[in-house]
Structure formats: structure tokens, C-alpha cells
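S.K.: Heads up: the protein sequence lines correspond to chains A, B, C and D, in order. Here the numbering used here is used: the first residue of the first sequence is 109, the next is one more, and so on. Here the numbering used here is used: the first residue of the second sequence is 109, the next is one more, and so on. Here the numbering used here is used: the first residue of the third sequence is 109, the next is one more, and so on. Here the numbering used here is used: the first residue of the fourth sequence is 109, the next is one more, and so on.
Check each hint, because a few of them may be wrong.
Note that the list lumps identical chains together, so a pair holds whenever it fits in one copy or between two copies.
[Claimed, not checked] DMTMM-like mimics (lysine to aspartate or glutamate), calculated; alpha carbons at most 20 Å apart, straight line:
1) LYS407 <-> GLU208
2) LYS217 <-> GLU251
3) LYS179 <-> GLU142
4) LYS306 <-> ASP246
5) LYS146 <-> GLU303
6) LYS407 <-> ASP387
7) LYS408 <-> ASP352
8) LYS408 <-> ASP265
9) LYS194 <-> GLU385
10) LYS146 <-> ASP160
11) LYS141 <-> GLU247
12) LYS133 <-> GLU247
13) LYS236 <-> ASP352
14) LYS407 <-> ASP246
15) LYS133 <-> GLU303
16) LYS163 <-> GLU208
17) LYS252 <-> GLU409
18) LYS163 <-> ASP311
19) LYS207 <-> ASP365
20) LYS407 <-> GLU385
Source of the hints: derived by calculation from the structure; they are not laboratory data.
Number of protein chains: 4
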Amino acid sequence: MEIGLIGLGKMGGNMAERLRQGGHKVVGFDFNKEATAKLTAAGSVGVDSVEDLVKNLQAPRAVWIMVPDGKPVDDTIAKLKPLMQKGDIFIDGGNSNYKESIRRHGELKAEGFEFVDVGTSGGVWGLKEGYSMMIGGDEDVVEKLRPIFETLAPAPDKGWGRTGPSGAGHFVKMVHNGIEYGMMQAFAEGFAIFEAKKELQLDNAQIAEIWQYGSVVRSWLLDLTAEALKANPELKGIAPFVPDSGEGRWTVFEAIDLNVSAPVITESLIRRIRSRETDNLTDKMLSVMRNAFGGHAMKKE
Amino acid sequence: MEIGLIGLGKMGGNMAERLRQGGHKVVGFDFNKEATAKLTAAGSVGVDSVEDLVKNLQAPRAVWIMVPDGKPVDDTIAKLKPLMQKGDIFIDGGNSNYKESIRRHGELKAEGFEFVDVGTSGGVWGLKEGYSMMIGGDEDVVEKLRPIFETLAPAPDKGWGRTGPSGAGHFVKMVHNGIEYGMMQAFAEGFAIFEAKKELQLDNAQIAEIWQYGSVVRSWLLDLTAEALKANPELKGIAPFVPDSGEGRWTVFEAIDLNVSAPVITESLIRRIRSRETDNLTDKMLSVMRNAFGGHAMKKE
Amino acid sequence: MEIGLIGLGKMGGNMAERLRQGGHKVVGFDFNKEATAKLTAAGSVGVDSVEDLVKNLQAPRAVWIMVPDGKPVDDTIAKLKPLMQKGDIFIDGGNSNYKESIRRHGELKAEGFEFVDVGTSGGVWGLKEGYSMMIGGDEDVVEKLRPIFETLAPAPDKGWGRTGPSGAGHFVKMVHNGIEYGMMQAFAEGFAIFEAKKELQLDNAQIAEIWQYGSVVRSWLLDLTAEALKANPELKGIAPFVPDSGEGRWTVFEAIDLNVSAPVITESLIRRIRSRETDNLTDKMLSVMRNAFGGHAMKKE
Amino acid sequence: MEIGLIGLGKMGGNMAERLRQGGHKVVGFDFNKEATAKLTAAGSVGVDSVEDLVKNLQAPRAVWIMVPDGKPVDDTIAKLKPLMQKGDIFIDGGNSNYKESIRRHGELKAEGFEFVDVGTSGGVWGLKEGYSMMIGGDEDVVEKLRPIFETLAPAPDKGWGRTGPSGAGHFVKMVHNGIEYGMMQAFAEGFAIFEAKKELQLDNAQIAEIWQYGSVVRSWLLDLTAEALKANPELKGIAPFVPDSGEGRWTVFEAIDLNVSAPVITESLIRRIRSRETDNLTDKMLSVMRNAFGGHAMKKE
């Protein structure tokens, strides 16, 4: 089928290509001219404006938005709305907060448009291996997009599904990322323990490779970790600095709001925050207190 | 090659069968006569005593011990020693503490025997899918056992390896289980959040199945979880009670001894302990304190 | 000086009385007629309506609002505004979110009123021992209320202060409560360890009493705990169920928003949430997973 | 009464002086000649050897050992034993592991000596304010030392007590320190949040001072913190590096061994360990994983 795609970055660009390979007509736009040109070169339709994107699609249209969460999504929708017509479908495939998705669904629905929220996982490997998609929205609308999902997914009947009403897609993706934080932290702690156990001369790259087959912890994350460790066994040149992209903290907020105790997902987020702290006041305070009551020496800066 | 196997339970029994299917001669003993009979019925040699086990093997012998950690391992070794001869190999494939393995290696070596510690992962699926094995011990001894490892592993060249000197096998397996605790806890928290989000009517079984393909969290644990949720979506009849088997807490102790901060593995253990606490004094104390300073009502039992 | 006080509950009622004892004229209102009657009986002016409260005060007026956070505060302000005149001061002494306080300050200021946010600590003991007050707002307005603060505080020059501009009072009180959670949890865990160490036959009440003098952990919380343990050493009849009142979770949200890692305050909140969970899905999931990969028996409900 | 004191450091020196001021005859020894000289100058009996110490005391003797835990305690006892006689009392007032104290009690008792374990809290302030003492050992022996405890304590009947049989003193002190870690961490996190909230321009020294009077968090630790912040409001020159002295980690091990979930005490220890980690492998691993699956940029060292 035909689909518009706004945002041709790491994720969007690969998705466009996977859709093209699957026989769909993709009309793509990005502020980055190079990305558009690359799309055209690959055999899809790269356009220079949102107006052109809409013009190149026949109604009822489906436009997949793949831009950073927050204002960029609202801006894109605002730009599209006057150009689109009733029944056209907006798809937000990015990492939006599910509450925003519920709001957008309500607002667009009130004006006669359709809106679907798609939590999209798979990272840079999606082009080759397919994307896992968690979809929230009205059943009939999701059904209309079936050909798109069947192509983007690892297999037509695997790795995607409507998880519930509007918001359910981004909600499930949000928690997916929270779980991802926990798994990553668990692995990272384990390898740090190995590194510290000097007398056993353990080799993290070798261990990761062994675990890929037959172990309880075998997983895609481990596969990638094994490859990365093979390429750079001592992680030379890499700073111990870990960003977080929003969904982890939303998961923590949501767990607390729902009165669900989620210590490991929470701790994984806190640990990432900690990785970015320098000149830590908490630790200085502890040092000062120890000195104050026990006369313990303080390390000086 | 020939191998003796002591302990024909969930793990040992399956391993014996995988070895037999791989063309090895397995002589097996278990206090449970049924287990021995089953072994014989399958085409291996089930025997009624440790003495018979040793008699049925030609020197230099290799005896794989697959019994609970601690005293049972020492008892088995003590019983075997007078029957074995110099150069014979003891293999501890169970979940022993690596410090014990280092001790046993030293003691046996001093008496002319060989000892190898093998951390064995794979659970009840190992017969079909193979075992992941992390091996500690002397290089030449591990090399002698190569045919055994190649058969037990998922593939001859995959899923096993000598990770270091004596103790390195059980050490790596110990941390493997710590990581496993963290991964499990992360998934479990995520599904608990889904269950609590009533208004989105999420379906844990469906979500687990979607994630199996293309998501960042895809893993063997998730595959098993998806199957379990399919069979019992609401986990009916299952108590919220989680044992821990020793290796998780050893990992926590080790991390602290090594001065490695491992909050997520640690928290996963603490949470399991919490699952078994009833009539919680900590929480009662908090309730009493709130009442004492703020006059807040206490819930009565 | 003269002061109006709306909300004569556990906190407000005691504050009114402390103010009266300090020589101030207190005009108090509460929907609960008993509370108003009690105020009058004590020698202050209990009134039946917000209208009467305002009428009984001479401009420029100061009205201290001591009601639950959220809608009740906004409702009270809305009811007061038409009755008050420019320059009159609204004081929110409850546990409001500091963001709301900043908003209310802005809105009231725009209409010519003054607004001060006061985080008030001291619980049911404040009448006797005085209140600790953290105050946010304009300096000149705080200064006008000095006689009130000097009376409510433990001593005229101790236990109160303007901590910053609007919002700073409730912000500091919010974090105060977060710290309180952490301290309480630390004590509670310690006493739970004592109870579990059966062979040493420790006596929590005795230990708490010993620690009150000379120890590093001596504190007001410990004093109250010692008394509570003396009265009920085994905490008989008390359920292990711990509410949380909002400020703890706001502290956690704020720490994350500010990118400050605060694991202990966070964990204290999570543990309170955990105390209220029954039929825990997280723990059931863990049990199911252990069974799925390792064949471990599941405890049945 | 008469007492010998071995170890005249920060703690022991002050205790000797408090005992002298209380009318006791103190015979003190330390390898540091200056410490001994200072003792003599103050009016007690400083001696140059353990032999002289014993000689200067009349049987039945009481010798208080105030040296680092572990080997130094055993060495001191070993040196004393041949010089002492049946019925003499050994007192370990340091931070020994309670399991060692139980062992030492058993060994000394078997040889006709007495042994008492005293957990001593109060730090450098003990000389002035008295020490909190938690005492384990036989009732009659503790009773014989009553004059000593009454003098060292903040008041004759306050701040000390026999908490149980041998080991109970050091056990209670161990957990006391675990609680202390939790309280310190809670305060430190709170002040770090204040520092990060730039727009409110909060002043940690002022807040600490306000809280000292009337707040729920008022405590001795807060008093010391307020003073330290007054002296150095921005904690200039202090490194964010926090040692831990053993008792915190023993508390964590003990909680796990007893199957008591103690997340806050545990997390406080982990956070101290974290403060000493540099070039963190865990965080590098996380960075590498994010790059591997999502193509996220890694910060370079």
C-alpha cells in the first residue's frame, strides 16, 4: 500500500527501506536533504516538503511520523492537518509518552482524523531483522494498516499486535524500555564483577560468547554484547557515561502512580543518572558526616 | 568416551541421556533406584553403588558429580577417593560455591587426582537444546574431557569453554545466576505494571508473544515466559513466593567483597527474600512510627 | 497579631492553640463543628463560615490554610478571594506540592494578594514542642508574619526560616519528608534484623532505649520509637501496611527530574508501596519463570 | 574501680580520660608513646608494655581492649593471657564481628577467663557527652563492670545495657552502624536535591539549622551536619569518596543470612562502594550496549 513517512533518521530511514523492499510505495520527507536523496536513490519517493508528501499520497492517506517525542510530534501533526482530509490516518511510531498519544488520538478523532500509536522496537537492526511493534488505537484503523505492520515485522504474523486502545502501544513500549534498562544493568554488573576478580583472569568476551548458547541468560542483548566485547574486549576509549531517553523514567513514574513496586527498573534508571553525576554532593556530605561524628579522615579533592 | 555420572535427577538424568545419544558410554548411579532403572532402560549402564560405578569404568576414569552443593559433594568425593586411582578426574557439575571448588581442587591434586569445576546452565531444556558450560581447572584435564563437553553443549564448538583456573567455572556460573535474577525481576516488574494499568486492558500473554520477535528484550527467558503465560494467563493458583538457591546471594557477597557496586542483582535477591516474608516487622515499625510522630492511623491486623 | 486559621484538624487545631497561648488572636473555621467549638472553648474565636472568619479579622488580614493538598486548597482560596482585599496574605501551611504553590503565588499576586507557602513539620507534638517551618515567598510578606512564626516555632529564633522564593517552603518540606522516609526505613530494617536473630534473644524496646543516649543514631524518631516499643514491644495487633502521603513520591519524581540519584529515599517509597501489595504478580511471575526454565516446583496458593 | 585500657587512639584515649574524671584508676598502654605520655600527663597511669599494664592492676583484673578488629584483637588477647589469671575479665570495646566475639568468649571461658563484648558508639564526642554501650556477655561479669559502664555512659542509668549473651553487644552495634549508614545516606540525598534545584537558591546550611528544632528529622547526625555545613557550606575541598568500615557490610551479610529484606541499609552500603569506583565498567558496558542495539552515540573518554 501507500504510506507517507516523516522523519528519515536511524529508525525512519531503515523502516522506509524495509517497506519499499516489501513492495509498498513510500513517500518520505526529512529536513535533512541527504536523507531524502538517499530515499529517492533507493527507489522510494523523497520529497522536499510536507505539502509534497501529502500531494503524493492518495486519500485515505496514512502518514507515519518518526520524529523525536514532544513538540516535534505536535508540530508535525499541526502542519499536516490542514493538508489532510477526514479519514486520513496519523501514525506516531516514535517514543512518545502514552498520555500524549491518548490526547492526540482524542483531538484528531474529534476533527475526523484517525490516530494510531506504535511503539517500535528493533533499533538499527530492524531493517534486516524486522521491527517489534506494539500498537494502540481503534481496531478498524489498525486493521487498515495491516499490510504495513506485516512488512515491518520480523514475519507477517510475528512481532506485532494491537495491544489495546489508544495509548496502549506507547505504554507497552515504555515498559519494554524499562525492562531493557533492567536487563542491561544486570548484565553490566555481572561483567564488572568478572573484571574485578583479577585472580581468576576471566575474559568477558569469551564468557559472553559461551553464554550465547544454552545458557539461561541467552538473549539478543547478549548476542550484541558478545560482538561488542569481541571487537573491544576492554572497552577502551569508552566513557562510563550513560544517557537515558525518557521512557525509563516514565516507567518509574508510572509504576509509582500505579502503586506497583518496581525496584529493579527504578534502580537501573537511578544508576544511569549516577553515571552522569560528577563532583557528587551526596558523597561529599557522607564524608563530612563521618568526619563530624567519628573524626574519620576525609579524602581531599 | 566413558564417563561415570553420580546424581540422576532433573539435570543429571538428562545429561546422561544426551551423552548416550552422543555415543558415549555412561555409567550412572543414584540413590533413587527408579532413576537408575530409567537410565538402564534408555541404554546406559545404571548401577546400584558407587563401587559398581567405579568398577564399570576403565582408568583413567572421569566421574561427573551432579549432586546438591555442600556436604553431598564432599561425601561423594570421600566415597569415591578410595576406589579411584591417580590421574582419575573428578568433575563437579553442580552449583557449588567456587571457593569450595578451589579447595577441592587443591586437596585432590595433592593426592594425585584431577578436579574440574563445571558451571552447567540449561535447566530442564538441556537434553534437547544442549547445556552451556563454564569450566574451571587445569587446561590439560579440561582438554581430556573435550568429547564430553562437545556432546553436552548445544554444538561442539559453541556454549562451552574453560573460563580459567580452578574455581573459574563455578564463579562464572554463580554470576550467571545473579544476572538471571536481575533479568527475571525486570521482566516480572514490567508485567506487573501492565496488570495494574487496568484501563488499557493489556494482555500479558499477547505482549510477551509480540516481544519474542524483533524487540530488544527478546531472550530465552521471554520465550519461556510467553509459553507459561499462554498456558496460564492470569497465573492462577501460583503463590507469590520465590525461593533462591544460593548462587544469587553468593554473587551479592562476592560483589561486596570485591567492592563492585551491583545494585540490581542485589535488589533482585532482596526482593526474593521479601516475597517470603510474612507478618513483616519492618512495615509494622513504619506504621508505628508514623503514628507516633504524626498521629496517623495504624491499620490493625 | 491577628490570624485566621482554616482547618482545625490534628495539625491546625494544635497550631491555633499554640498561637493563642502565645498571645495571638486566632479566628478559626472548620467544617467540623466540634473542632470549632473546641477552639472557642479554649479561648479563641471559632466561627461557622469563611465569611465570618474574614469579618472577624482586620485588614490587612493573614489567613493560614491548613487543609489537605490539591483541590481543597484551591477551593478554600477561591472562597476567600471575594471576601479578602488587596494586600491580604494567604498562607498555605499544609503539604502542598511546591509547583502548585508557585502557581498560586503567581495567580494571587496578579490579583493584588500575597501568598506564602509554609512547610510545617512537628506532627502531633507541635503544640508542646513547637513546629519546624520552612517558608517560601516574598521577603517583606514573610517579615510581616514574623510574630506568628516566632510563636509557632520551638523558640523565637529557632526552627523556622524563609528558605527562598515562592515554592521554597513546600519544596524543602517535601524533601524533609523524603529524608524522613529513609530514616524510618533504616531504623525499621535494623529492628527487623534484631527480631530475626532469635538465638541472641534481643529486646527491641531495650535497644531503642539504650540508643537514645550517646549513640550516633539518637534522634527524635528514635525517642518516639523507644516509647512506642515500650508500650507494645512486639507490635501486637499492628498490620504491616504503610501508607504514603504524597511528599515522598514527589521527592522521588523531583530527584529524577533534577537528575540527582537518590536511591535510598526512592527505595523507602518503593518499600512502602510493596507493603500494600497483596497477591503480588511480580513474585508469581518469578515463580513461573523458575519453573519454566529449571523445573523448580512452584508453591501453590 | 581499676581498669586496664589497651589502645589509646581517638576512642580509647577519650574513654580513658572520661573514666579518670569519673574517679577510676586507669592503666593504659599504646604502641604510640605519645598517647601513653598524654595519658600520664592527664593523671592516669601510662605504661610501656602489656606486662607493665597487667602488673599495675590488682586481680581480679579488667582489661578493656580498644584496637582495630580482627588480628589485633586476637594478638592482644594472646599477649595478655599468659600474664592474666583465672577470673580476670577481657573486654573488647572495638568494632569486632560478633561471630569472633562469640568464639573468643568460648575460648577464654574454657581457660577460666571472662570475656565481654561491648559495642561502643559516640565517636569523638564521647568524652564530653558519654558513650552508648551495647554489651554482650555473662550477666554476673557485666554486673562486675557496672561502675565502668555507669561512668562511660551519658548518665549512670542511661545509654548502656546488656543486650544479651556473648556476641549480643557487637551484633547490636553492627546493626546500629547499618542504620547509621541509612540515615546518613537519606540526609545526603536530600541535601543533594536541594543543591540541584538551582532556581530556588536554597541554602543547605540554613535548612539544616532550621530542621534542628521541631522537625521530624531532628537528630544528633543533623546537629553535626548543621555545624559542618555552617563551617563549609559548599563542602569545598572535600572529595566525594566514602570509606566503609566493615560493620555496614556485615549487617548486609547478616540480613541476607537471616532472610530479612533490608534494602535501604544495603543500598547505603552499595552507594558507598560506588563512591570509590572509578573508570566504571558497568557504565561502560551500558554505553556499549546502547550503541550496539540502537546506534546511540557513545561518549568517549
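S.K.: The structure should be examined with respect to each hint, and the outcome stated for every one.
M.R.: Hint check:
1. For a Cα distance limit of 20 Å, the shortest separation of LYS407 from GLU208 qualifies neither inside one copy, at 48 Å, nor across copies, at 31 Å.
2. For the homomeric pair LYS217 and GLU251, the shortest alpha-carbon distance inside one copy (17 Å) is at most 20 Å, but the shortest distance between copies (53 Å) is not.
3. Within a single copy, LYS179 and GLU142 get their C-alpha atoms no closer than 23 Å, and across copies no closer than 52 Å, so neither meets the 20 Å cut-off.
4. For the identical chains of this complex, LYS306 and ASP246 are inter-copy neighbours only, at 18 Å across copies versus 56 Å inside a copy, given an alpha-carbon limit of 20 Å.
5. For a Cα distance limit of 20 Å, the shortest separation of LYS146 from GLU303 qualifies neither inside one copy, at 43 Å, nor across copies, at 43 Å.
6. Both within a single protomer and between protomers do LYS407 and ASP387 lie at most 20 Å apart by alpha-carbon distance, with minima of 13 Å and 18 Å respectively.
7. For the identical chains of this complex, LYS408 and ASP352 are inter-copy neighbours only, at 17 Å across copies versus 31 Å inside a copy, given an alpha-carbon limit of 20 Å.
8. In this assembly of identical chains, the alpha carbons of LYS408 and ASP265 never lie at most 20 Å apart, being 61 Å within a copy and 35 Å across copies at closest.
9. Taking CA atoms no more than 20 Å apart as the test, LYS194 paired with GLU385 passes in neither setting, with 49 Å inside one copy and 46 Å between copies.
10. Proximity of LYS146 to ASP160 under the C-alpha cut-off of 20 Å is restricted to the intra-copy arrangement: shortest distance 17 Å within a copy versus 73 Å between copies.
11. When the C-alpha separation of LYS141 and GLU247 is checked against a cutoff of 20 Å, the pair qualifies neither within a copy, at 36 Å, nor between copies, at 55 Å.
12. Proximity of LYS133 to GLU247 under the C-alpha cut-off of 20 Å is found in neither arrangement, the shortest distances being 23 Å within a copy and 59 Å between copies.
13. For a Cα distance limit of 20 Å, the shortest separation of LYS236 from ASP352 qualifies neither inside one copy, at 25 Å, nor across copies, at 39 Å.
14. In this assembly of identical chains, the alpha carbons of LYS407 and ASP246 never lie at most 20 Å apart, being 61 Å within a copy and 40 Å across copies at closest.
15. For a Cα distance limit of 20 Å, the shortest separation of LYS133 from GLU303 qualifies neither inside one copy, at 50 Å, nor across copies, at 39 Å.
16. Taking the closest pair of Cα atoms, LYS163 and GLU208 never come within 20 Å of each other, the shortest separation being 28 Å inside a single copy and 46 Å across copies.
17. When the C-alpha separation of LYS252 and GLU409 is checked against a cutoff of 20 Å, the pair qualifies neither within a copy, at 63 Å, nor between copies, at 44 Å.
18. Taking the shortest alpha-carbon separations for LYS163 and ASP311, neither the intra-copy value of 57 Å nor the inter-copy value of 39 Å comes in at or below 20 Å.
19. In this assembly of identical chains, LYS207 and ASP365 lie within 20 Å of each other by CA distance both inside one copy and across copies; the values are 13 Å within and 18 Å between.
20. In this assembly of identical chains, LYS407 and GLU385 lie within 20 Å of each other by CA distance both inside one copy and across copies; the values are 18 Å within and 14 Å between.
Checked against the numbered hints given earlier, this structure breaks hints 1, 3, 5, 8, 9, 11, 12, 13, 14, 15, 16, 17 and 18; the rest are met.
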